[in-house]
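This is what each chain is made of:
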Amino acid sequence: MSEIARTRREWLLSERPASRLQARLGRAYVTWRRFSSNRLAMVGLGIIVALLVVAALADVLAPQSATIGDLKNARLLPPSSAHIFGTDDLGRDILSRIIYGSRLTLYVVALVAIIAAPVGLLVGTVAGYAGGWIDAILMRITDIFLAFPKLILALAFVAALGPGIENAVLAIAITSWPPYARIARAETLTVRNSDYIKAVQLMGASPFHIVLRHIMPLCISSLIVRVTLDMAGIILTAAGLGFVGLGAQPPLPEWGAMIASGRRFILDQWWVAAAPGGAILIVSLGFNLLGDGLRDALDPRSGGQ
Amino acid sequence: MSAAISITDLQVVYDRFHALNGVSLEVEAGESFGLVGESGSGKSTLLRAVAGLAPVSAGTISVNGQKLGPRRDKAFYRQVQMVFQDPYGSLHPRQTVDRLLQEPLAVHGIGDGETRIQRALDEVGLGSGFRFRYSHQLSGGQRQRVAIARALILEPSILLLDEPTSALDASVQAEVLNLLEEVRRARGLTFLMVSHDLAVVTHMCGRLMVMRNGETVEMLSAAELATRQASHDYTQRLLAASDGFVRHPGTFSPG
Numbered sequence: 001m002s003e004i005a006r007t008r009r010e011w012l013l014s015e016r017p018a019s020r021l022q023a024r025l026g027r028a029y030v031t032w033r034r035f036s037s038n039r040l041a042m043v044g045l046g047i048i049v050a051l052l053v054v055a056a057l058a059d060v061l062a063p064q065s066a067t068i069g070d071l072k073n074a075r076l077l078p079p080s081s082a083h084i085f086g087t088d089d090l091g092r093d094i095l096s097r098i099i100y101g102s103r104l105t106l107y108v109v110a111l112v113a114i115i116a117a118p119v120g121l122l123v124g125t126v127a128g129y130a131g132g133w134i135d136a137i138l139m140r141i142t143d144i145f146l147a148f149p150k151l152i153l154a155l156a157f158v159a160a161l162g163p164g165i166e167n168a169v170l171a172i173a174i175t176s177w178p179p180y181a182r183i184a185r186a187e188t189l190t191v192r193n194s195d196y197i198k199a200v201q202l203m204g205a206s207p208f209h210i211v212l213r214h215i216m217p218l219c220i221s222s223l224i225v226r227v228t229l230d231m232a233g234i235i236l237t238a239a240g241l242g243f244v245g246l247g248a249q250p251p252l253p254e255w256g257a258m259i260a261s262g263r264r265f266i267l268d269q270w271w272v273a274a275a276p277g278g279a280i281l282i283v284s285l286g287f288n289l290l291g292d293g294l295r296d297a298l299d300p301r302s303g304g305q
Numbered sequence: 001m002s003a004a005i006s007i008t009d010l011q012v013v014y015d016r017f018h019a020l021n022g023v024s025l026e027v028e029a030g031e032s033f034g035l036v037g038e039s040g041s042g043k044s045t046l047l048r049a050v051a052g053l054a055p056v057s058a059g060t061i062s063v064n065g066q067k068l069g070p071r072r073d074k075a076f077y078r079q080v081q082m083v084f085q086d087p088y089g090s091l092h093p094r095q096t097v098d099r100l101l102q103e104p105l106a107v108h109g110i111g112d113g114e115t116r117i118q119r120a121l122d123e124v125g126l127g128s129g130f131r132f133r134y135s136h137q138l139s140g141g142q143r144q145r146v147a148i149a150r151a152l153i154l155e156p157s158i159l160l161l162d163e164p165t166s167a168l169d170a171s172v173q174a175e176v177l178n179l180l181e182e183v184r185r186a187r188g189l190t191f192l193m194v195s196h197d198l199a200v201v202t203h204m205c206g207r208l209m210v211m212r213n214g215e216t217v218e219m220l221s222a223a224e225l226a227t228r229q230a231s232h233d234y235t236q237r238l239l240a241a242s243d244g245f246v247r248h249p250g251t252f253s254p255g
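So the sequence lines, in the order shown, correspond to chains A and B. Heads up: the first sequence begins at 1 in the working numbering, then just goes up one per residue. Heads up: the second sequence begins at 1 in the working numbering, then just goes up one per residue.
It is worth saying that the hints were derived from the structure and are not from the lab. Treat the hints with care, since some could be wrong.
Unchecked claim - Quick list of in silico lysine to any residue cross-link-like pairs, SDA-like style, CA-CA up to 25 Å: (1) A:198 with B:232; (2) B:67 with A:206; (3) A:198 with B:111; (4) A:198 with B:206; (5) B:67 with A:201.
Stated by the list, open to error - Restraint ranges, calculated between C-beta atoms of paired labels, are given here: (6) B:128 with A:164: 54 to 62 Å; (7) B:69 with A:27: 40 to 48 Å; (8) B:242 with A:118: 53 to 61 Å; (9) A:118 with B:140: 36 to 44 Å; (10) A:166 with B:110: 42 to 50 Å.
Here a beta-carbon is modelled for each residue, glycine too, at the ideal position from N, C-alpha and C.
My request is simple: use the sequences and hints to build the entire structure.
Quick look at the structure:
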């Protein structure tokens, strides 16, 4: 067994890969080794994997319904063996609501990342590579978006589009792409005059081809790091929108909305707000640790070359 | 024989700084032509202007009898390729050798990639063991060989060489120069080569042009350079400088 593991590692770390696949896997393996040697990053990864598992198996894991409570007998019960995190003012089991709420959290985070990161990447690399008036126009638009306070702009968008989780996602995405554009542009500016980009120009490649195939891959790792570190902020913004009542609407078990509803009896029934608050804290911490680990593992400037 | 590269009264201006000031030049097909001068003399700018990487403000450049406009087309890049000075900066840090060599073929829609890449690697003396390595897994000399393979894979007739060996140590320098000489002879290539190393130019080139401050100082043949028959004062000083530091007896007294 260990013999097989050793030969596999030798194959991955080979200085003379024999195929495209081996070269790519070898590189991924080196990155993984650098990442996994960081204990805290592994803790972060563990938290995120746990979140994914909980969200996927919510129907199996949740002991009770997230939306239907027992108004007659189970209002605001403190934590006990029947309700580990207690119950809220409508008699719903808080643990079940948190488990189902993980789906909403993932939904928001994933959608924002899918919308905002590519937009920022495209705007930043095109502005950085084209330069001149294209750069000026794109970056001034970015500056305008950056000048607005994020939560206030999101509030304005939600107020205009109407409350609801889809609109909250859209609002957060619209306010979070400008930093990605800035990063992508800065990275592009450092590589656009390098000899290896000049060499591709000398092959007669089109600007579109150069940006897509040669510049974007170089920007992606720093962007992944930044997006991961921003995940915590996105969760908090979504929770904030939920808290002021413009995010997820009742009876959806969104963590921010749960804190908002627990605010009224925070002194006597502390567990109603504490449990979702703790969940937000742990998941945000998980994303931050993961992002830090990814920065160390993916940073093109540290090691590897 | 017709001129492979013909340049007349070329001017390159960067922000009102005249990097090149009315330079004219003819390079015959199959010839190896050297450009020498100190740093900032405009020799690299001349090379970049031919490649289309420097802004030409006046004058004309013709390649194989065709006059070049401000935008180069794909056909131009199949005739002219360039090897850069710094092999550590001219290879993409995230691409394997295989990917680097595939890129020009993909851009020009050339089909038989497998055999071409194999042939290009063999030609520059790198076996297939190097094909799937990343550039950080290669030494400086190996990187420069990959850069040469990349330039040759489109089968150009003209190769622009921007100090191809100045970033390499002495023993590797000789290997790379011999490799360049071999491919030139085998393929009948035209070289336009920039160097500040007069020994390299004397070894590689038939004729050369001495430049200073963006202007031509004089044209020489390699034989004239080797026997030090330079007519111009500046060339003489350049030759003296290339001998290295010589202590004049009596001018220095220790203690």
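The hints, checked one at a time:
1. Between the alpha carbons of residue 198 (chain A) and residue 232 (chain B) the distance comes to roughly 36 Å, so the proposed pair goes past 25 Å and is violated.
2. With a C-alpha separation of about 22 Å, the suggested pair residue 67 (chain B) and residue 206 (chain A) falls inside the 25 Å cut-off, and the hint holds.
3. Simply put, residue 198 (chain A) and residue 111 (chain B) have alpha-carbon atoms about 24 Å apart, close enough for the 25 Å limit, and the pair holds.
4. Of the pairs offered as hints, the one joining residue 198 (chain A) and residue 206 (chain B) is violated, with about 28 Å between alpha carbons and a cut-off of 25 Å exceeded.
5. The straight-line distance between the Cα atoms of residue 67 (chain B) and residue 201 (chain A) is roughly 20 Å, inside the 25 Å bound, and the hint therefore holds.
6. Between residue 128 (chain B) and residue 164 (chain A) the C-beta distance comes to about 58 Å, which sits within the given range of 54 to 62 Å.
7. Between residue 69 (chain B) and residue 27 (chain A) the beta carbons are some 41 Å apart, a value that agrees with the proposed interval 40 to 48 Å.
8. Here the CB-CB span from residue 242 (chain B) to residue 118 (chain A) is close to 54 Å, well matched to the stated 53 to 61 Å.
9. At roughly 37 Å, the beta-carbon separation of residue 118 (chain A) and residue 140 (chain B) lies within the given 36 to 44 Å, and the hint holds.
10. For the pair residue 166 (chain A) and residue 110 (chain B), the beta carbons lie near 48 Å from each other, so the given range of 42 to 50 Å is met.
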